[in-house]
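Undergrad: Listed below, chain by chain, are the residues.
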Amino acid sequence: MNNIKTMLKNAGWPRIIITLFLLSMYVVSPFIGINLKSALGDTLVRFGMNAILVLSLVPMIQSGTGLNFGMPLGVEAGLLGAVISIEMGLGGFMGFAGAIIISIPFAVLFGWLYGHILNKVKGGEMMIATYIGFSSVAIMCIMWLVLPFKSQDMIWAYGGEGLRTTISVESHWHKILDKVLHMPNDMLPLGEMVFFAILAFGMWIFFRSRTGYAMKAVGTNDKFAKATGINIDKIRVKSVVMSTVLAAVGIIVYQQSFGFVQLYLAPFYMAFPAIAAILIGGASVNKVTIVNVVVGTFLFQGILTMTPSVVNNIIQTDMSETIRIIVSNGMILYALTRKEGAGSGK
Amino acid sequence: MKIVRNWIILIAVLTGIAAALFISGKQHKVFIDNKKVGEYAAIDVSYSINGEKAKNIKVNKKAMVYVKGPKHKLIIEFKDDTGKDVILENEFKLTPTEDATIYLPLLINGEEDWIKPNN
Amino acid sequence: MENKIKKFLINNVVPIFMVIIILLSIPISGLSIEYLIQEIILRLSRNLFLVLSLLIPIIAGMGLNFGIVLGAMAGQIALIFITDWNVVGLQGFFLAVIITLPIAALMGYVGGIVLNRAKGREMITSMILGFFINGVYQLLVLYGMGKVIPIKNEAILLSRGHGIRNAIDLKNIRRALDDGITFNIGQYSIPVLTILAIVLLCLFIVWFRKTKLGQDMRAIGQDIEVSKSSGIAVDRTRILAIVISTILAGIGQLIFLQNIGTMNTYNSHEQIGMFAIAALLIGGATVSKASIPNALSGVVLFHTMFVLAPRAGKELIGSAQIGEYFRVFISYGIIALVLILHQWRREKEKEAERKRILEMNSNQAGGN
Amino acid sequence: MDKVLLKIEGLSKSFGENVVLKDINLEVKPGEIIGLVGENGAGKSTLMKAIFGMPVISETGGYGGKIIFNGEETNFKSPFDALAVGIGMVHQEFSLIPGFKANENIVLNRESTANSFLEGFFGERIRRIDSKNIEERADNAISQLGIEIDPNTVINEMPVAHKQFTEIAREIEREKTKLLVLDEPTAVLTEEEAKVLLETMRRLSEKGISIIFITHRLDEIMDVCDTVVVLRDGLLINAVNTKDTNVNQITEWMIGRKMGESEEKTETLDDNKEIILSIKNFWVDMPGEMVKGLNLNIKKGEILGLGGMAGQGKIGIANGVMGLYDASGKVIFKGETIKLNDPNEPLEKGIFFVSEDRKGVGLLLESSIEENIAYPAMQIQGKFFKKRFGGLFNLADEEAMKENAQDYIKKLEIRCMSEKQKVQELSGGNQQKVCLAKAFTMDPEVLFVSEPTRGIDVGAKKLVLDTLKEYNLTKGTTIIITSSEIEELRSICDRIAIINEGKVAGILPPTADILEFGKMMVGVSKEGNNE
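So the protein sequences, as listed, match chains U, F, Z and X.
So the first sequence is numbered by the numbering used here: it starts at 1 and just counts up by one.
So the second sequence is numbered by the numbering used here: it starts at 347 and just counts up by one.
So the third sequence is numbered by the numbering used here: it starts at 466 and just counts up by one.
So the fourth sequence is numbered by the numbering used here: it starts at 834 and just counts up by one.
Read the hints as simulated data drawn from the structure, not as lab findings.
Just so you know, not all the hints are guaranteed correct.
As the list claims (entries may be wrong) - Below, computed lysine to aspartate or glutamate pairings styled on EDC-like, alpha-carbon distance capped at 16 Å:
no., chain 1, residue 1, chain 2, residue 2
1, U, Lys226, X, Asp1175
2, Z, Lys693, X, Glu926
3, Z, Lys815, X, Glu990
4, X, Lys1192, U, Asp222
5, U, Lys234, X, Asp1175
6, U, Lys226, X, Asp1190
Unchecked claim - Label-pair restraints from in silico Cβ distances:
no., chain 1, residue 1, chain 2, residue 2, range
7, X, Thr986, Z, Leu488, 36 to 46 Å
8, U, Trp112, Z, Leu781, 29 to 39 Å
9, F, Lys404, Z, Leu781, 20 to 30 Å
10, Z, Leu488, X, Lys1172, 47 to 57 Å
11, U, Tyr26, F, Lys462, 57 to 67 Å
12, U, Val146, F, Phe377, 57 to 67 Å
13, Z, Val484, F, Phe377, 36 to 46 Å
14, U, Val108, X, Lys1172, 27 to 37 Å
15, Z, Ile614, U, Asn313, 21 to 31 Å
16, U, Val108, Z, Glu467, 35 to 45 Å
Just so you know, even glycine gets a beta-carbon here, dropped at the ideal spot from N, CA and C.
Full structure from sequences and hints, please.
TA: Here is the structure:
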């Protein structure tokens, strides 16, 4: 009995509510004429799209640098990789791999700078990260206008300046991960899942290495880390670089599944749903596991896909956007106001 | 306790002010109808509400004006049967929620019920 | 002496940087000074009240209150009501003020409680709170109004019969306050009532800082623990600071919208917090220190940049779009920069303080 | 003078099973200055907390006995109740608003205000501050102290002594203040400043304000107090007129003679042993434990004890050498100068540190025992890793970690369910053993151990000390133990250095008379040579 109580307490009431809510929607859906199979399929597809972006938050949380509100920075690096890959005319899996390979040096550079800034502002990371993310989006907007891209697929057909706001990857690497596995299955995004599993396994391995152990120590107790001779600043920069690179990879995977590269203001609020997902999965401001990532992404995307169809069927109104805002920000708010998470990104 | 009392007074006063603002700031739609009513025929009339510039309204037309607040002044000018210019000054009041129609033929002919609420 | 100049430059790096950008872009933009001045008067009267509403939480040490969007939403709800009721002119404006008060106070109270649970990270929390309440606001306005809350005016309802339209024409109160009384100096027309409202607010802030409550807020802003141990009701006072700020922001949003004349029901408030904060910071304020002159000069600088950037961009590179993005970048970039400088400076100061104490002690020991 | 202001009758207090105060009886007369002395943990601060109504006391079950103030029995729920009846307290940490002027701080939350018509709506807090009146009040309070401070100076810009005076001014500015508790007020002051403060205390007592003065400097007590009260182990040992006693006697009361508790170590190392670690003109900026220009030589293979009162800097030494707090000066290890302020440097050279802050610095509370033990060795020496996936990755060797942990669990008798248990679930003593296991796994040449027995039970204490002694004997590791308990140091150390005011007051053999130690600790015998 006590065990269940502590379990409930550990899980936290928002998580329980969300889980129950999602379950109840799955239960209700057959009765109001929703195809449960396709609904589940939808959820899984979106899981595949988003999981790596959520995973990208892990290193920074582990090193105590807080929730990565500056994720747009990594996303911009990914976008750069994607458009350069298209510009170079790379197609198929090469195009996808090329996009990732090109984006990595950008992401490393961005992350390195970003990490050094965050080291200067310990204790205030989250707020500053948010605004670094926002500014990077704005500056990249200018870049999309100015950079001399030529590919017909990306510039406006007539009139207009710079790159289009959305660029189709249909002819380049749409759903390439599924195709590579010869499993073009709408139901199960196997490609994305395998790719995610590889990265998650990589992460698991990393946290068993010397640096990984050091990162965990920095995150849980920086005094301990210092006394153990760990260079805290260096480790934190490493974690930020990792997060940024993963965000870049994450957005490319997202795009290949979605079918479009979205430029300009699209990356603005990218960080918030990912953060909400990882928090729903049971992470806190300074503690996280890969299980949190998987559970959180599934629950959050489940809510996003299920609520609109269920609510639509019941009251004939599409409230999905509003519900998304309330759930994701409510979750972040809950995490920020919890007493035990008072480490303020420490 | 004194503070509670004062707040109650303040809230009451504010509510009062709000009500006053509502009444005095409420915009009403007033239709001016120049169609034949019963035995009274319509004629061309020039009208002016609350001292605004006078406007003409032809026979069988209907005009609409926006007025703000409860009390209004209506001046109309027309030529009577004899061809003499007649100026009539009238006042009307509107309750806060109503829109109204003014029937010019009734007004010209001195009927009492020249203004009727719409709803 | 040299040190002093250096210190001045470091402390005012943001405004100086802005002045340089503006001075450079005035000739490029090709806009006339007269036009600029008229534009600045317009924008001062439009925005200054909102910016000033940020000051009190800063005094109380709660940082930049991104939660002023809560007040803005309260103001917008009031505007929806008076538009529905068709109350026009100054009466409409003041009625909206009266309706805003309780809604904003309630929201401020909620915000204050939430921020008390997140001491030390008020800013990020107030920002997320703004997003969250925005969702609740959408729920209320987009789905509740016309259904749960009676709205009759079809002009503001969506065609489906409930929910408020995306854009509301505020012709009922457009420029009601601005044009209430105007006064012309040369070719420039001054909106007397609006300016009066701003002056009153300034006086209020000056007076408020000298009250016991203001003194308590200053104390809390400097050291929460000491304030607590001297018996000041810390949590309550912090809630009050947010309530006041939220109410003022609500009124500020009304002034802003009556000037603009149309309201984007679901967007007008979103950027308010960010723009007001960017303006205040450009005026040289920091997270822990802000004054009325900061607000005033900030609005002037920020909005001059705002007017100039697209034009300058167009003249310079032939693209207004670039200027547009540039000013977005400046707004966000300035906030990021000021936050970084603040945090960094605080670390430096702590270090310097420790060094000083150490040195002092070693001197003493040397003297013995 | 037969009136009694504060009367304490049979006061006792315990935290859980731990009795900190036993049957204390004390009287304070109006205008009397009472000096309160005692070793760390003697119960001074608990006694003051009880008088001042700190919430800690009532939260832990309140106290036994009576406290009678001004003829009425009191039972304060919070310090505000104590302030209300006229007890003021100046804590060791300043309680001042840094950006406020002195006068604003003196009247903090008691500001004079002028009427406002808005009072009817918003209560008293909307009243306007009357700064003129405030300045007058502040001037008045400061003048009572007999010193000169510009009341318009901002606290930030004041020297420490002025901050101290500002605090005192604030306490006496309260109209009712009759009793003032000063907790180590001279600790942060220079001698000159301290003299002024003592003078001020005399002035206040002439005005009829009683003062309880806590200090470890006995000469100050002799100088200014009417009565000296000595606490030891929660007992009131003696309360006598200062006129009727002397420093030696007080020291004796304070330290006490605890006989037969420990076997005294007899063999002393010969003086010609090689010096392994030499610390020269060493400064450490550790808040509350500043080291100020200390010189110390540590010999190879010895167990050196560092003793002294709390706050005198003994804790700072190890923390400074290990680079955990800003330090300056010179540390020479086996002929090589060690880079300061870089924690990695001493660790790599083979110096290790078991911190006094077990939970904060010593352990990852939410990690398992085996991980905690292995962590430093992994990070510094690269132990416990194994190539995996065909040598591709160098990953943690969990098998080796487990074996190592099990080994130490057996050796040090760590009581736990398994090596996978989280250390936060262990008792204090067992946590300490984990810390030691961590250190032993590193196999260091020099080991600093700070307060190894703090907060652990008697059985564990003995085991920890025996383990250290044995480790020193078998491995020849040089061990430097910092402890507040002199008896403990005497039982295992070869030499004991007493640290006072951030410097070595003297080095004694463990066989030296306990009184010698005591005198050095309270800074009476100045002849102690700074090595």
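Undergrad: All hints, please: hold or fail.
TA: Against the structure, the hints:
1. U:Lys226 x X:Asp1175: holds (9 Å)
2. Z:Lys693 x X:Glu926: holds (15 Å)
3. Z:Lys815 x X:Glu990: Roughly 14 Å between the alpha carbons, so the hint for Z:Lys815 and X:Glu990 holds.
4. X:Lys1192 x U:Asp222: holds (12 Å)
5. U:Lys234 x X:Asp1175: holds (14 Å)
6. U:Lys226 x X:Asp1190: It holds: about 13 Å lies between the C-alpha atoms, which stays within 16 Å.
7. X:Thr986 x Z:Leu488: 36 to 46 Å: holds (40 Å)
8. U:Trp112 x Z:Leu781: 29 to 39 Å: With a Cβ separation near 31 Å, U:Trp112 and Z:Leu781 satisfy 29 to 39 Å, so the hint holds.
9. F:Lys404 x Z:Leu781: 20 to 30 Å: violated (58 Å)
10. Z:Leu488 x X:Lys1172: 47 to 57 Å: At roughly 49 Å between Cβ atoms, X:Lys1172 and Z:Leu488 fall inside 47 to 57 Å, so the hint holds.
11. U:Tyr26 x F:Lys462: 57 to 67 Å: The hinted range 57 to 67 Å holds for U:Tyr26 and F:Lys462, with Cβ atoms some 60 Å apart.
12. U:Val146 x F:Phe377: 57 to 67 Å: Roughly 59 Å apart at Cβ, these two residues keep to the hinted range, so it holds.
13. Z:Val484 x F:Phe377: 36 to 46 Å: violated (58 Å)
14. U:Val108 x X:Lys1172: 27 to 37 Å: Given a distance of about 30 Å, which is inside 27 to 37 Å, the answer is holds.
15. Z:Ile614 x U:Asn313: 21 to 31 Å: holds (25 Å)
16. U:Val108 x Z:Glu467: 35 to 45 Å: At 40 Å between Cβs, range holds.
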